[in-house]
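Please model the entire structure based on the sequences and the hints provided.
There are 4 protein chains.
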Amino acid sequence: MTVRFVVLGCGRIGTMHAEYLHRRVSGAEVVGVFDVSGDSAGAVSAELGVPAVESLEDALSLDAEAVAICTSTDTHVDCMVAAARAGRAIFCEKPISLDVAEVDRGLRAVEAAGVPLHIGFNRRFDPSHRSVAEAVARGAVGDVEVVNITSRDPAPPPISYIAVSGGIFNDMAIHDFDMARYVTGSEVDSVYAVGRVRVDPAIGEAGDVDTAVIVLTHDNGALTTIDISRRAVYGYDQRVEAFGSAGMAQSTNHHEVSAVLASGDGYRQAPLQHFFLERYAVSYLDQWAAFVDAVEHGTPMPVSGLDGRAPLVIGMAAKKSMDEGRPVQISEIDL
Amino acid sequence: MTVRFVVLGCGRIGTMHAEYLHRRVSGAEVVGVFDVSGDSAGAVSAELGVPAVESLEDALSLDAEAVAICTSTDTHVDCMVAAARAGRAIFCEKPISLDVAEVDRGLRAVEAAGVPLHIGFNRRFDPSHRSVAEAVARGAVGDVEVVNITSRDPAPPPISYIAVSGGIFNDMAIHDFDMARYVTGSEVDSVYAVGRVRVDPAIGEAGDVDTAVIVLTHDNGALTTIDISRRAVYGYDQRVEAFGSAGMAQSTNHHEVSAVLASGDGYRQAPLQHFFLERYAVSYLDQWAAFVDAVEHGTPMPVSGLDGRAPLVIGMAAKKSMDEGRPVQISEIDL
Amino acid sequence: MTVRFVVLGCGRIGTMHAEYLHRRVSGAEVVGVFDVSGDSAGAVSAELGVPAVESLEDALSLDAEAVAICTSTDTHVDCMVAAARAGRAIFCEKPISLDVAEVDRGLRAVEAAGVPLHIGFNRRFDPSHRSVAEAVARGAVGDVEVVNITSRDPAPPPISYIAVSGGIFNDMAIHDFDMARYVTGSEVDSVYAVGRVRVDPAIGEAGDVDTAVIVLTHDNGALTTIDISRRAVYGYDQRVEAFGSAGMAQSTNHHEVSAVLASGDGYRQAPLQHFFLERYAVSYLDQWAAFVDAVEHGTPMPVSGLDGRAPLVIGMAAKKSMDEGRPVQISEIDL
Amino acid sequence: MTVRFVVLGCGRIGTMHAEYLHRRVSGAEVVGVFDVSGDSAGAVSAELGVPAVESLEDALSLDAEAVAICTSTDTHVDCMVAAARAGRAIFCEKPISLDVAEVDRGLRAVEAAGVPLHIGFNRRFDPSHRSVAEAVARGAVGDVEVVNITSRDPAPPPISYIAVSGGIFNDMAIHDFDMARYVTGSEVDSVYAVGRVRVDPAIGEAGDVDTAVIVLTHDNGALTTIDISRRAVYGYDQRVEAFGSAGMAQSTNHHEVSAVLASGDGYRQAPLQHFFLERYAVSYLDQWAAFVDAVEHGTPMPVSGLDGRAPLVIGMAAKKSMDEGRPVQISEIDL
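Quick note, the sequences are listed as chains A, Z, Y and H, same order.
Per this note's numbering: the first sequence = residues 1 to 335.
Per this note's numbering: the second sequence = residues 1 to 335.
Per this note's numbering: the third sequence = residues 1 to 335.
Per this note's numbering: the fourth sequence = residues 1 to 335.
Please keep in mind that the hints were generated in silico from the structure rather than gathered at the bench.
Using N, Cα and C, we set each Cβ at its ideal position, and we do this for glycine too.
It is possible that part of the hints are untrue.
Claimed, not checked - Chain Z side only, calculated, beta carbon under 10 Å to chain H, not exhaustive:
hint, residue
1, Val-81
2, Arg-85
3, Ser-128
4, Ser-160
5, Asp-200
6, Gly-204
7, Ala-206
8, Phe-243
9, Val-257
10, Leu-261
11, Gly-264
12, Tyr-267
13, Asp-286
14, Ala-289
In structure tokens, the structure reads:
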């Protein structure tokens, strides 16, 4: 069986997904693409030799089993609702929305339609991070007590993007909140966050921070620390560590090149892989393989709608914590 | 010139210091040892062939330039005051006292006498951690923004020790608070701490925790995360990382053996060195070399009395933060 | 411009090349495939949606700029001669032939036709090994004095393959001989080889060895050691090290997963990536990018016909050295 | 029980041994030192507070259980014979002699006297290399098939030393020949060696080489490669690897500092520890502990006289191989 996809949104991430689905994912093909910019859709269409359509309606009338929602965040829920009504299996990029009520509207539509939904927290499919979560799940570290996540982008996005990003917690740390839930296997109780503007004053002027440290407490007693930054001059720094009663599991960074050069100055290794397109390429492919497999076998999607909702709430609590200078209970946000 | 030492206190750490000073530190010799337990003093006396004396007064009447205060914490200040009056250069193990007023009494005596005082925060002399602090100091990581410290003991001390330890923050994390000040080169403003009893319920029954996560904010805007545990089954886990605008410096752990074994199951390395006597042996020696050098040249001691006082206050703030579930300003503690 | 390829040979490596060229190499497409087994060609044809043809003549009459020769070794030269006469840019898998006279017949045809020829020593395009060669070329290790190459397959091929492989030196070590020339930038003068049957007695019965150590001397004074084995239970072990007057460059192995698991038994990492399809995927893609670029710009091919010939001669010398128990000069083989 | 030592020879290595024995080896003390240079003996005497004596006879009349022979190589055997006659347990630095007949004279005297003899191949006591040998011995790598040894000094000794060193094979590679026997647990059959003058032409003028590659074949079928150099600008490079049917064990190098610095240029680590006094300090201490233990318990010495003789013969074969350009059988040297 081949799962036929329509890809909604042909920006950077949508273009990547379309190419992966059409060329590199066994059992998948793209049967159409759509973007509000006809040029963007046209470029993907030309590259892959698949039709571009001119409206969401046309996209959902194509003969396909699944849609990949890769549009701008503010349109995710509308796409989701429409796709659910059309009976499609849905892949939706994170975050579902920056508004919890909107998220809930989307999830209700999905539930009503009974269609499968997967949220694109691709890092769960990174073999390194996954090995940490699996080590916890199979008891290899014993009871999980502390999780440390370091997540540093190589360089900040344009200020124009910052302004519509929803803020560092919901734009960037949302992956780390998901990772904390994934690795501990436990919901978050409270959040304490401290933020700073260290990378670019313009980010502060846009009402956001670019550097932050966060502490999460979990239902199962585990504690998570997260440190994030919008800039790391040595590359994309992505580490997860789970410590427990029987040991510790750590994912380690990926260097651009697996080599060392020794001289009188010491040993030198290459910087880290530049950013997510390189670092997480395998995770995107493995995520698609898991999605296609779940569609084919009618099994549950690996990352559910509620998995998409929870990190958004944590992000809101983090923002409130930073603003008020105190730890915030999740129950304060999500009544 | 040889600096002659009297060693006060012949427990585990005092015995180590006496042996190092007498046998392995160039320019130093031990001319007498004292312990309230004559047996302990006698053992060191026999091993090193130096006289044991029977009272603090006798100890301070020996012809010596310096004393090493390695007695139990509650007697540090009395020793310090007496040694200061006797005109000795003073090395004092950490913590000076668990009581800030006592600390201040000691420091006043030292100041009045005009004698040099060094507090035994040996980790500053560990070549790995030191390289991190020096990288920050010379600007190799740019402006320091985030410091991450992981500090996990292999196994908890006896419960009897827990009861008199002053609690995990002032017994164990005090080294990490010192490290945060040392690496950032900046004072601490506020502390947020969350603690858990995960290792041994008896530690909780003794009124303490055994696992904690701490966030410090610094005067210069830097943020420090610390995670501590009383138990790590894979050995003594001691890592410090400083991240900034121009890069990152990290100290890495020491394995028992520098070797790998590859088999069908993968690659295996030895556990970490067991505990501080092994891991920090070089730091203790380098600390003595720096102390002796400062005495010989009349230069300032590398770790001052105020450096000994500050982490105690941070530890008190951490305890209050944990108890009250909120970040605590240092100014709340230290008026 | 798009370079159109005909792929000759649809076995394991030809299928991989066809898929890479058609789907993952920018500026390339496959316009036809051929295999003596129509089934093999048909499978690739169906997967990629490109025509399969039934003869070499038909393949060379397709409108294309280039051919990829991926047939069995004994047919490489016939394909090369025909493709040269047809004016195609030629990619030929290694080895060109196991017979030097045949190699020379192929190279003469290529020279007469004036077409570009590249030999598929893909490891030169591995970023790790390439960084070693580039470090030597730019003088980062000073004058190169010693090269150490470790090359261990995870498991031996079928005995049926061993019998037609040309022997371990020309089948397996040929890559390492090429690497020695590539890294040192210097021709080989003499070869000393010792071989053993350690992996499977059946390999010995087939007249081959499965474990060997080789020493090469080079024109520029450098010395190369090579150790090869047909079996490494911990994965595909591929290391190259260049040592010189100013330092050392080393490529390091690729583990299946970038993570560690620490327990009371120590630290554990995953085994190495299984074999060449995983380990060298990037090298194959980068090799194609270089080939396509050279065709487009009319620049010299990165790995010439003579680069394909030299390792074969070294392999013959290695076999003679092993058989006669003495170092053999290249000039004894290649008059 | 305390084992009393007389140390013969107070050069660099003798001074180190005297200090280790007197101050850092439990159960050992130095009761006298001797050197043909009274000044050298006097310096050690002053530092340790032990008597210096003026002749070998006086040294052997001191009340002691053991001697440590650390004199110049050409006097080892005379010291050994005298110490054996005096009934002392003997530690002798490597090489016993550069002349096999002399070695045999010494061993006969030891055998006649029935005293214990240990040859100072300290690297067997390095925890990293030892772990490799132990992995082989307990079967963790299966049948050992290939051993790779890299042994590079940071910088060459003075030319005056080169002239009396016995040549690179017996001065420097002798440790590696011992390591090959130790790790494989098997005698050497044949040697093939290629040498070069790459570091300093003056070494060539002194009749020696400074860079070499060696292949050993062993009785048990194993093959060893050794590469040595008199100069490595990045520090003292000491690696041993044993590969076999069930896996591989590797000792890894020691960096000066356990830390990394990441910047836009990549990751940087410190150079390797400078030379043997740093790198092998633990091995010297562990060797003494094993010697003292064997004396106390009357158990066999860990490194026997024959273990001291075999590498000398291998070194002679290596020299002959290099000179004659062919592999040399051990049986050609040692009839």
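Each hint, compared with the structure:
1. Val-81: This hint is violated: Z:Val-81 lies away from chain H, its Cβ roughly 34 Å from the closest one there, beyond 10 Å.
2. Arg-85: 33 Å, violated
3. Ser-128: At about 4 Å, which falls below the 10 Å cut-off, the nearest Cβ of chain H leaves the hint on Z:Ser-128 intact, so it holds.
4. Ser-160: Z:Ser-160 check fails; min Cβ-Cβ to chain H is 29 Å, beyond 10 Å.
5. Asp-200: With Cβ-Cβ at 30 Å, over 10 Å, it is violated.
6. Gly-204: 34 Å, violated
7. Ala-206: 34 Å, violated
8. Phe-243: 9 Å, holds
9. Val-257: It holds, given that the least Cβ distance between Z:Val-257 and chain H is near 5 Å, below 10 Å.
10. Leu-261: OK, holds: Z:Leu-261 within 10 Å of chain H, min 5 Å.
11. Gly-264: Constraint on Z:Gly-264 satisfied, holds at 7 Å.
12. Tyr-267: 9 Å, holds
13. Asp-286: Cβ of Z:Asp-286 sits 12 Å from chain H, so the hint is violated.
14. Ala-289: Interface hint status for Z:Ala-289: violated (16 Å vs cutoff 10 Å).
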